[in-house]
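Required output: the full structure, derived from the provided sequences and hints.
In case you want the letters, here they are:
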Amino acid sequence: MSDERYVEIFNLVKAYPNPFGDEIKVVDGFELKVPRGDVVSIIGHSGCGKSTVLNMIAGLSPISDGGIIVANKEIDGPGPDRAVVFQAPCLLPWMTSFQNVMLGVKRSYPHASRQERKEVVEASLIMVGLSDAMHKYPREMSGGMQQRVGIARAIALKPRMLLLDEPLGRLDSLTRMELQDVILRILDKEKITTMMVTHDPDEAVFMSDRICMMTNGPHAKVGEVMEIEFERPRSREEIMETDQFYEYRRRLLAFLDECEHEKEARKKKVG
Amino acid sequence: MAEKTADAIKYKILRFLDVTGFTVFDPIVRLAFREEPKKQLESIFKFLIIPIMFICFCVWVWWTVAPNHKTKSGEVPTPDVVMQSARINHTFSEREKTKETDFLLVGEERLAALAAVEAEMESKSVILAELEARLAQHESNYAQVLEARLAPLQKELDEVKAKYDAIEAEKKVLITEAAAAIEAGTGTTEALLAAIRAEGIAKDESRAAESIIKDKIDAIRSDKYKPLETARLDVNAVADQIQFLKKRVDFLSQSNRSMKVLEAEETLMEYQAKLAKATTAKAALSEAKRVVRAEDSIERLEKQQYASAMTVYLQVKRSIFTVFVGFVVAAIIAIPVGILCGLSRIAMACLTPIISIFKPVSPVVWLLIFQIVVGAFFPDPESHPFFLFFNSLPFIGNLGINPALIFSGCTVAMCAVWPALVNTALGVASIDKDHINVARVLRLNFWERLTKIIIPSAMPLIFAGLRISLGVGWMVLIAAEALSSSDGLGKFVWDEYQNGSSFSFANIIYACFVVGIIGFCLDRMMIVLQRFVSFDESGTSL
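Sequence order for the protein chains is V and G. Counting from 3, one number per residue, gives the positions in the first sequence under our numbering. Counting from 97, one number per residue, gives the positions in the second sequence under our numbering.
By construction, these hints were calculated from the structure, which means they are not laboratory data.
Derived pair list, reagent style SDA-like, types lysine to any residue, alpha-carbon separation capped at 25 Å:
| no. | chain 1 | residue 1 | chain 2 | residue 2 |
| --- | --- | --- | --- | --- |
| 1 | V | K108 | G | P552 |
| 2 | G | K529 | V | V15 |
| 3 | V | K138 | G | K108 |
| 4 | G | K356 | G | S404 |
| 5 | V | K160 | G | N541 |
| 6 | G | K220 | G | Q350 |
| 7 | V | K120 | G | P552 |
| 8 | V | K120 | V | M143 |
| 9 | V | K138 | G | I105 |
| 10 | G | K529 | V | S48 |
| 11 | V | K193 | V | G39 |
| 12 | G | K529 | V | D78 |
| 13 | G | K142 | G | V157 |
| 14 | G | K529 | V | T54 |
| 15 | V | K138 | G | L546 |
Here are a few chain G residues that face chain V, going by a calculated C-beta distance under 7 Å:
| no. | residue |
| --- | --- |
| 16 | D530 |
| 17 | N533 |
| 18 | V534 |
| 19 | R536 |
| 20 | V537 |
| 21 | P552 |
None of these values were measured; they are calculated from a predicted model. The C-beta atom is built at its ideal place from N, Cα and C for all residues, glycine as well.
Right under this line is the structure:
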C-alpha cells in the first residue's frame with residue numbers, strides 16, 4: 003500500500019438528470035491524491051460541489067462516474083472507516099453525549115468488552131474536552147459542545163479517513179477558533195487522513211497540509227492544489243505572524259476571485 | 097440554607113405543574129414562596145380569577161335558563177339538582193357497600209351489628225311517626241288555607257258561568273226566533289246565520305273568561321307550600337332510611353351468608369339422620385341423593401359473594417377497564433403497523449385504501465359487526481373458560497367480564513386504531529434525514545436503526561396519536577355501551593333515559609360531567625406520558 007496514494011480520486015463525476023433526459027454534470031473530472039496522514043481542505047465558492055464530492059467519498063451520495071479508492075479499496079456505500087462530521091451536529095437528541103458516541107463504537111468494535119468500549123468512548127470525549135459533559139443531553143449543550151460530541155463520535159470509530167463537512171460553519175468565530183485548535187490537536191496526535199470542506203480561507207490555511215481549490219460549477223473540478231508548508235504542530239499565534247500565511251491566503255483569494263470573474267464572463271457570453 | 101431548600105421545593109412543585117400541564121397554578125406557588133407578589137397577583141387575576149368568573153357566569157346562565165324549558169321528563173335540571181343526584185348516587189353506592197359487609201359478617205360481630213341496626217331503626221321509627229304527624233298537621237292546615245284562597249275564585253267562576261249561561265240561553269232564543277221567522281216567511285237566512293255566529297262568539301267568550309279563572313285556580317293549587325314540601329321530604333328521607341335499615345336487618349339475619357350456611361347445615365343433618373334410619377333401598381337412595389345435594393349447596397353458599405347492584409362507581413370502573421382493553425389492543429396493532437407503513441412505501445400503498453375506507457366508518461356499525469362476530473366465539477358465555485378465568489382474577493373479577501365487554505372493547509379498538517396508526521406512520525416517515533445519514537455512516541443494522549433511531553425519533557408523534565386514540569376510544573365507548581347494554585357509564589345513561597324517574601334527567605347530566613372529567617383525566621395522563629417519552633422539552637397543546 004503506497005502511503006503517497008492513500009486516498010485516490012480519479013475522474014469523479016456527479017451528474018443529475020434533468021427532466022428532459024440531459025444530464026447536468028455538477029462535478030466533472032475531479033482528481034486528487036492524498037498521502038496518508040495528510041489534511042486536505044477543499045475550498046470553493048458555495049454551490050461549486052465541494053460538499054457533493056465529500057458526500058461521494060463518504061458514500062452517502064452515489065457516484066455517477068469515476069472512482070474513489072481509500073486504502074487500496076474502492077469505496078462502496080458509507081461505512082465507519084470514513085467517519086463524517088456533518089455541518090449540523092446531527093446528534094440523536096434522546097441520547098446523552100456518551101450514548102451518542104457509543105452508538106458507533108458498538109459497531110466498529112464488535113469484539114471489545116463492555117469496559118473497553120466504555121474506555122474508548124470516554125477517551126474520545128475527553129479528547130474533545132467534554133469530560134464534564136459526558137452524560138448531558140444535546141439540548142443541554144451549546145452548539146459548540148454539540149459539535150465536539152460530533153467530532154468525538156467520528157474519532158471514536160478509529161476511521162481510516164475523517165471527512166469534515168464544514169464542521170464549524172455554524173459556529174461563532176470564537177468557538178470556531180477553539181474547535182479548530184481541538185481538531186488540529188487531535189489530528190496531530192492520531193494522524194488521521196482528513197478531508198475538510200470549508201469556505202473560510204484562514205481556516206483552510208491554518209489547518210491543512212494542502213488546499214484543493216475547486217473551480218465553479220457546473221463541471222467543477224480541481225483548479226489548483228496548494229501545499230502549505232508549515233511545521234506541525236502549529237500554533238495560531240506563530241503562523242499568523244509569518245508573511246507566508248498571508249501569501250497563501252492571498253493566493254487562495256486570488257484564485258477564488260478569478261473563478262468569480264470567469265463565471266461572470268461566462269454569463270456575459272451566454273447573455 | 098433554608099432558603100435553598102425552599103427554592104428546591106418550589107422548583108419541584110413548578111416542575112410537577114409543568115409536566116402535568118397545570119401551569120395556570122404557577123403564580124399561586126410562586127406567590128406562596130413570595131416571588132414578585134405583584135406580578136403573581138396580576139397573573140392570578142388574569143388567568144385564574146377571570147376564567148373562574150366566566151365559569152360562574154356560565155353556571156348562572158344554566159341556572160336561570162334551565163327551569164324555563166319544560167320537557168316531557170320535567171324541567172331541565174339546575175346545577176343544585178344535578179349535585180343532589182350526585183349525592184344520591186353516592187349514598188346508593190355507600191349503602192351497597194354496607195350491605196355487602198353486612199352480608200359477610202359472622203358470629204358476634206353480626207349480632208352486635210344487628211342489635212345496633214335494630215336500635216337505630218327503633219329511634220328512626222319514632223322520628224318518622226313524629227314527622228308524619230307534623231306532615232298531617234301541615235296538610236290539614238294547608239288544606240284550609242287553600243280552601244280560603246280558592247273560595248273567592250270559585251265563587252267568581254260560578255258567577256261567570258251563570259252570567260254566560262244566561263247570555264247563551266238568550267242567544268239560543270234568538271236563533272229559534274230567527275228560524276221561526278224563516279218558516280213564517282218574514283225572516284232572512286242572513287239573520288239566522290248571524291244569530292248562530294253570535295251564539296258561537298258568546299260561547300267562546302264564556303270559555304275564555306272561565307279559563308282565565310280556572311288558570312288562576314290551578315296556579316294556586318300547584319303553588320308549592322314550602323313547609324309542607326319540606327315536611328314531605330323529611331318524611332320521605334327518614335322512610336327511605338328505615339327501608340335501608342330493614343334491608344340491613346335482613347342481610348344481618350336471614351339473608352346473611354353464615355346464617356344461610358347454618359340453615360343448610362341443619363337440613364343436611366336432618367337428611368343425614370334420615371339416611372341413617374333408612375331401611376329400604378329406595379329410601380336410602382333418595383336420602384343419600386338429598387344429602388349429596390345439600391352438601392353441594394353448602395359448598396356453594398360458603399363461596400357466595402354479595403351480588404352488588406350496579407352503582408355509578410362500579411360503572412365507571414368497568415368503563416375505564418373496557419376503554420383500556422380497547423386502547424391497548426389498538427396500540428398493539430397500530431404501532432407496529434404504523435412503523436411498517438412509515439418504513440415501507442409498499443406497505444403504505446397496501447394499507448392506505450384500507451385505512452381511508454375504514455377510518456370514517458361509524459362506531460355503531462363496528463359495534464354491530466363485532467357483536468355478531470364475538471357472539472359466535474362464545475355460544476355459552478356463562479361457562480366459557482375464557483370468562484371464567486377472567487372473572488376469577490383479583491381486581492377485575494368483580495367487573496363481570498362478558499361478551500358485551502369484549503365487543504365494546506373491540507369497537508373502541510377499531511375506532512382508536514386509526515389516529516395512532518396514521519400518526520405513527522407519519523412519525524416514522526418524517527424522521528430527520530441527518531439522523532438517517534448518521535445511521536448509514538455508522539452502518540447500523542436494521543434492528544439498531546429501529547430501536548435507536550426510528551422509534552425514539554417517532555415517539556412524540558406516536559404518543560400524540562395514542563393520546564387522540566384514547567380520547568376517541570373514550571367517546572366511542574360511551575356510545576357503544578349505551579347501544580350494547582354493556583355495563584358502564586353508557587349503560588348508566590341509557591338506563592336513566594329509559595326508566596324516566598324524577599331524577600333521570602339530572603342523572604344524565606351528572607353522567608355527562610362524570611364522562612367529561614374522566615376523559616379529561618385520561619387525556620392528562622397521556623400528556624404526562626408524552627412528556628416523559630419525548631426528547632424535546634416543548635410543551636404539549638392542551
